[in-house]
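Since the structure of chain A is already known, use the hints to place chain B on it.
Here is what each chain is made of, one letter per residue.
There are 2 protein chains.
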Amino acid sequence: MKKIIGISFLLVFVLSSMTIAQEKRIPAKGLAVYEAGGGFKPYEFTRHAIGDDDILIETMYASICHSDLHHTHQDWGTEIYPMVPGHEIVGKVVKVGKNVTKFKVGDYAGVGCMVNSCGECDYCKAGLEQYCKKVMMTYHGKDWAHGNEITQGGYSNNIVVKDRFAVLVPKNADMKKVAPLLCAGITTYSPLRQSHIKKGDNVAIAGFGGLGHMAVKYAVALGAKVTVFDITEDKRAEAAKMGAIKYVNVNNESELKGMDDSFDFILSTIPAMYNPSMYLKMTKFKGDFAIVGLPAFNNQPTFKVMDFVFCAGRNVYGSQIGGMKETQEMLDYSVTNNIYPEVEIIKANADTVTQAYKNVLAGKVKFRYVIDMSTLK
Amino acid sequence: MKKIIGISFLLVFVLSSMTIAQEKRIPAKGLAVYEAGGGFKPYEFTRHAIGDDDILIETMYASICHSDLHHTHQDWGTEIYPMVPGHEIVGKVVKVGKNVTKFKVGDYAGVGCMVNSCGECDYCKAGLEQYCKKVMMTYHGKDWAHGNEITQGGYSNNIVVKDRFAVLVPKNADMKKVAPLLCAGITTYSPLRQSHIKKGDNVAIAGFGGLGHMAVKYAVALGAKVTVFDITEDKRAEAAKMGAIKYVNVNNESELKGMDDSFDFILSTIPAMYNPSMYLKMTKFKGDFAIVGLPAFNNQPTFKVMDFVFCAGRNVYGSQIGGMKETQEMLDYSVTNNIYPEVEIIKANADTVTQAYKNVLAGKVKFRYVIDMSTLK
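Order-wise, the sequence lines are chains A and B.
Reading the first sequence from the start, the letters are residues -12 to 364 in this note's numbering.
Reading the second sequence from the start, the letters are residues -12 to 364 in this note's numbering.
Careful, some of the hints might be misleading.
One copy or two, it doesn't matter: identical chains are merged, so the pair holds either way.
[Claimed, not checked] In silico SDA-like pairs for lysine to any residue, Cα to Cα no more than 20 Å straight-line:
| hint | residue 1 | residue 2 |
| --- | --- | --- |
| 1 | Lys351 | Ala132 |
| 2 | Lys120 | Gly300 |
| 3 | Lys121 | Ala299 |
| 4 | Lys312 | Ala259 |
| 5 | Lys82 | Val92 |
| 6 | Lys291 | Gly64 |
| 7 | Lys121 | Ser249 |
| 8 | Lys291 | Trp63 |
| 9 | Lys121 | Met246 |
| 10 | Lys291 | Met260 |
| 11 | Lys112 | Ala299 |
| 12 | Lys244 | Gly93 |
| 13 | Lys121 | Phe297 |
| 14 | Lys228 | Thr341 |
| 15 | Lys91 | Asn159 |
| 16 | Lys11 | Ile137 |
| 17 | Lys273 | Asn302 |
| 18 | Lys271 | Asn302 |
| 19 | Lys268 | Pro288 |
It should be emphasised that the hints constitute simulated quantities derived from the structure, not laboratory data.
Note that the structure is a prediction, hence the values are computed from the model and not measured.
Here chain A stands alone, though its shape is the one from the complex (with noise of 0.2 Å):
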């Protein structure tokens, strides 16, 4: 009989509580797809109660990055639709957890690739959150805290997230143009800072796209002499124009001529089948070849082993995006400096962005789109 008592009252807390935290759940709006490689339409969702250390920002603008196309695509793996993409957002801050110091209602947050991790292990004290067993996407992404939803992005009115994994950003910033600070801005800022480059270096940007155009700016203020590689005539000027030295059409066999041992740091951000060795041989001695670019699974660009023996010496390494910490540093130095991406400004309507989508796969956006939130509807 106590035994009955007991569950009685336990399952009257356990339903009060869903009740309660159901009840304190955040209505939201986007836009999703519901099929591998379809298009877009609306969706109505919600999304998990604010914590003690989380915001809620109503998003101001989110971007498009290629790698969203890989996930609506399923190019890097099975995908739970529908799927809201976007990891590069930004907006107001509304609402405030208790414990928050870090931002206060009315404030600018930026929200990029991740949104929570363990906050325990090396990676995590060494402030790089990105390579925790446990990151948590900030889409596509399995919410271990919560019961493991499936994270939603940044196409949508608002976004809940710990303060831990939002930057605050500077109300003088150009806010139009800092969503893809948060992805492309930070992941061609990261290797850049963390090679060392020293004015006059030689540098290479491989992909000439989102990443790479970040990646040339960023390298151009770091006083290098930025040569670009890229596989189309369109964007010749623009290199220029952002300061690149050299401006290379890897179709055009003879513009490769003479350029083995070239670089003392060549970035490749490129999203699709190329040759990596090519790069590798351009590559000085004791340079270092990073790779930030990530083709689909299934269509991956190769090294031999014998391309490394024969070019030794040079390095070769990933990396992803950048810790929390670095992010914030990306964003301030960028505002600071007047560094921000060229976008297109596109409205929040579900046909426009799945054209968007088509125009990026195509190669028909220069650089990037970034969906204007509020004319969602």
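For chain B alone, coordinates are given in the frame of chain A:
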């Protein structure tokens, strides 16, 4: 008329020079392969005259490196036959050119993979002659300083070499074990030293043959905790005897469990097909994965670009032998610390060496065959 007299004089001069040069050529005999993958047969030939900076070495020992098999089998591109292999050589100096001060008659000298370089490029000036664009291989090389004749290696009774490309072997060295140091020794010593391994670091050596077992000995001497990876059970006891704390038979999947992110430094000496990504995953964040093993060109292990992105922050690079200064340092270090290869001495007759090659190909040699060149008939 003056012109004709001039030409005649020139002709006489050239012809008489050629005769002198021809007279001075050094007769040599050795063991050669006469076709790709063929067995050894005796071979008589001549070597270029002893120049002012050259020494003549009477070969005592020459050893069999796995790369000799790649050359005799034409795994690494077209070769010219007859070919006298051998790039791990030790012998006695029997004659010196007039400018030579580094050696005197009666000294012991070692010769490794290269016998000349331009001497003027940045690599040569930095003591990295192995990366000089004009580096001349000890055998199957084109001798641009002697009318492009093809160089012949150490499976012969003598060798003529520039003093700069021979190392002085201390008189107290264990001569029958010195030869393999000139390639297997320096090839593993160089990346291990340059990786700045600290006492207690976790080091893995992949491939436990001629190169691998030298790597184990050096890494143990440097104070590292060494794990050995190979594909056989036969050498487990030897690894322990050399000071390795762990031996992993890669064919036993269970032994590979839980090894990701384990090693500060991994050296691959594997000369055949393998999975390099497995080792990349086992490398710690900010650790190094160095490659010295070079499999056949038409059977190359590959890395995917995504391997680098997922295992971000690990450096992958290749390394080739070592410069002459470092080779001398390696030799002195090895002799002082009594670090020698495990050798099996064989006779310098054609059938024995042919069989030895078959054994190496079949993985039947544990570490290194050394040919006693004094037994050459």
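Hint check results:
1. Lys351 x Ala132: For Lys351 and Ala132, the Cα distance exceeds 20 Å both inside one copy (39 Å) and across copies (56 Å).
2. Lys120 x Gly300: between (31 Å within a copy, 15 Å between copies)
3. Lys121 x Ala299: between (35 Å within a copy, 16 Å between copies)
4. Lys312 x Ala259: Answer is neither: 30 Å inside a copy and 44 Å across each miss the 20 Å cutoff.
5. Lys82 x Val92: within (6 Å within a copy, 88 Å between copies)
6. Lys291 x Gly64: Between copies only: 16 Å across chains, 25 Å inside a chain, cut-off 20 Å.
7. Lys121 x Ser249: between (39 Å within a copy, 19 Å between copies)
8. Lys291 x Trp63: between (23 Å within a copy, 14 Å between copies)
9. Lys121 x Met246: between (42 Å within a copy, 19 Å between copies)
10. Lys291 x Met260: Classified as both; 15 Å inside a copy, 11 Å across copies.
11. Lys112 x Ala299: Only across copies: Lys112 and Ala299 sit 17 Å apart there, 34 Å inside one copy, limit 20 Å.
12. Lys244 x Gly93: neither (54 Å within a copy, 50 Å between copies)
13. Lys121 x Phe297: Classified as between; 14 Å across copies, 38 Å inside a copy.
14. Lys228 x Thr341: neither (30 Å within a copy, 65 Å between copies)
15. Lys91 x Asn159: Answer is within; shortest intra-copy Cα gap is 16 Å, inter-copy 76 Å.
16. Lys11 x Ile137: within (18 Å within a copy, 82 Å between copies)
17. Lys273 x Asn302: both (7 Å within a copy, 12 Å between copies)
18. Lys271 x Asn302: both (10 Å within a copy, 15 Å between copies)
19. Lys268 x Pro288: both (15 Å within a copy, 18 Å between copies)
When held up to the earlier numbered hints, the structure conflicts with 1, 4, 12 and 14 and fits the remainder.
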